[in-house]
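Visitor: Here is what each chain is made of, one letter per residue.
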Amino acid sequence: MTVTVKTFATSGEAAAALSSDRSARYLGGGTLVMRALNEGDISVSTVVRATDQALARIEVTNLRVTIGAGVTFARILAERDLGFLHAPARSIGGPAVRNMGTVGGNLFAPSPFGDFTVALLALDATIAMQGGLGTRDLPIEEFLQSRDRQNGALVLAISCQRPASADAFRYRKVARIKPKGGSVITLAAHLPVSSGRISGARIALGSMAATQIRARAAERALEGRSLDSSAISAAAAAIAEGTSPTDSALASAWYRREVAGVHLRRLLSGQE
Amino acid sequence: MPKTALQFHHNGREVALFVDGGVNLLVALREIIGDMTPKFGCGQGGCGACSVLIDGELHLSCLTLAETAAGRAVETLDGLKDGPNLHPLQRAFMEHFAAQCGYCTPGMLMAAKALLDRNPTPSRDEVVEAISGNICRCTGYEPIINAVLAAAAGGRARA
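Here the protein sequences come in this chain order: A and B.
Those letters in the first sequence? Residues 1 to 272, per this note's numbering, in order.
Those letters in the second sequence? Residues 1 to 159, per this note's numbering, in order.
Quick caveat, the hints were computed from the structure, so don't treat them as lab data.
The beta-carbon is built from N, C-alpha and C at its ideal position, and this holds for glycine as well.
Some hints here could point you the wrong way.
Output of the computed footprint for chain B on chain A, the stretches with three or more beta carbons under 8 Å from beta carbons of chain B [stated by the list, open to error]:
| hint | stretch |
| --- | --- |
| 1 | 3-13 |
| 2 | 90-97 |
| 3 | 130-141 |
Some chain A residues near chain B, calculated using beta-carbon distances under 10 Å [stated by the list, open to error]:
| hint | residue |
| --- | --- |
| 4 | Gly30 |
| 5 | Arg80 |
| 6 | Leu82 |
| 7 | Gly101 |
Sample of chain A residues facing chain B (criterion: CB under 8 Å; computed from the structure) [claimed, not checked]:
| hint | residue |
| --- | --- |
| 8 | Ile58 |
| 9 | Met100 |
| 10 | Pro179 |
| 11 | Lys180 |
| 12 | Leu267 |
Build out the structure end to end from the sequences listed, making use of the hints.
Guide: As structure tokens, this is what we get:
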């Protein structure tokens with residue numbers, strides 16, 4: 001099937017092209033859109049690209065990082081200042097996929113993919129988007145809830161806070177094939193500590209619903225407490241609340257629910 | 001629909017071709033240029049059989065829009081040998097029985113080359129990681145890992 005490829009020098013022009021054509025898809029690293037074309041997805045008749053270097057920019061300050069939507073996982077792994085994102089970046093694909101796949105594209109990767117987005121959800125990321133009516137910033141949860149309707153807008157960048165310490169942010173992807181495999185369940189936890197108590201806990205899960213979701217009951221179980229064994233047990237007992245995993249070749253919904261608490265316990269207690 | 005003109009370096013030689021919109025680099029290499037060394041496996045980024053180097057970086061040619069290769073250097077297995085002489089990685093694959101059916105071998109060799117170009121003295125874990133995007137259903141991977149380590153050791157001996 002032949003599609004029309006439109007390449008623009010600026011993200012603004014690309015966003016305008018996307019918002020005016022319902023059958024247009026934005027091509028980032030190609031791991032989602034080219035796959036759709038290879039599979040004969042006839043819903044895509046126009047592919048939009050932008051060569052805008054602003055999409056590949058990384059900005060790091062003391063408190064926040066801003067990562068252009070076109071930044072690849074290999075580039076994140078090469079940035080020392082983004083060390084807290086190395087574990088999620090490394091958990092994606094093999095080296096070729098990491099050389100191609102982008103942070104912006106990962107936001108659109110359907111379950112069981114989108115592991116990096118699990119980390120971004122735990123870190124309360126903000127998504128900068130450009131639509132037909134201009135640019136706006138969207139909290140990541142709002143973005144994920146309306147993801148199916150976001151194809152007409154272009155993701156420009158993602159920004160998130162830097163965890164205060166290496167301990168404050170934890171990530172774990174559970175896969176059956178090592179070192180590379182699809183996710184059975186992916187967990188990320190951001191647990192800021194104030195005066196010895198967890199304050200503002202965010203726990204995010206991948207492969208446990210149609211999109212990445214927060215485990216709010218587990219967050220509540222940790223809030224205001226120190227990270228001791230009773231708090232960890234309470235969080236592990238509550239982790240599957242509100243989730244809706246599906247059966248897939250990688251794991252059944254039942255199995256995913258059963259093991260979620262085990263893996264949260266390992267993540268929070270620092271076990272391998 | 002009009003075709004798009006495209007030029008890039010293919011194993012050191014400049015090539016010019018016309019591609020239809022949406023054509024991937026693997027199709028351009030195999031069906032237009034006639035380089036049959038990269039293989040079509042899954043078309044989804046899961047198997048690594050189509051792996052090539054673009055400006056020295058490992059990429060999956062089946063997930064690369066052909067026109068994004070414009071002006072860049074594309075290396076395939078076909079460019080690895082030097083005339084009649086096999087590349088040290090190819091010799092190591094042969095000596096360590098790292099190929100059975102051979103379908104994954106072009107992708108494995110390009111993934112291994114991407115590793116050794118960047119890191120000539122890899123550990124075993126680094127070799128495993130480097131070929132983790134390439135699926136082999138015959139060998140069980142051990143002979144491939146041993147071949148890459150042997151090629152790296154051979155490179156050190158020559159240096």
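Visitor: Output the numbers, in ascending order, of every earlier hint that fails for this structure.
Guide: 3, 5, 6, 8, 12
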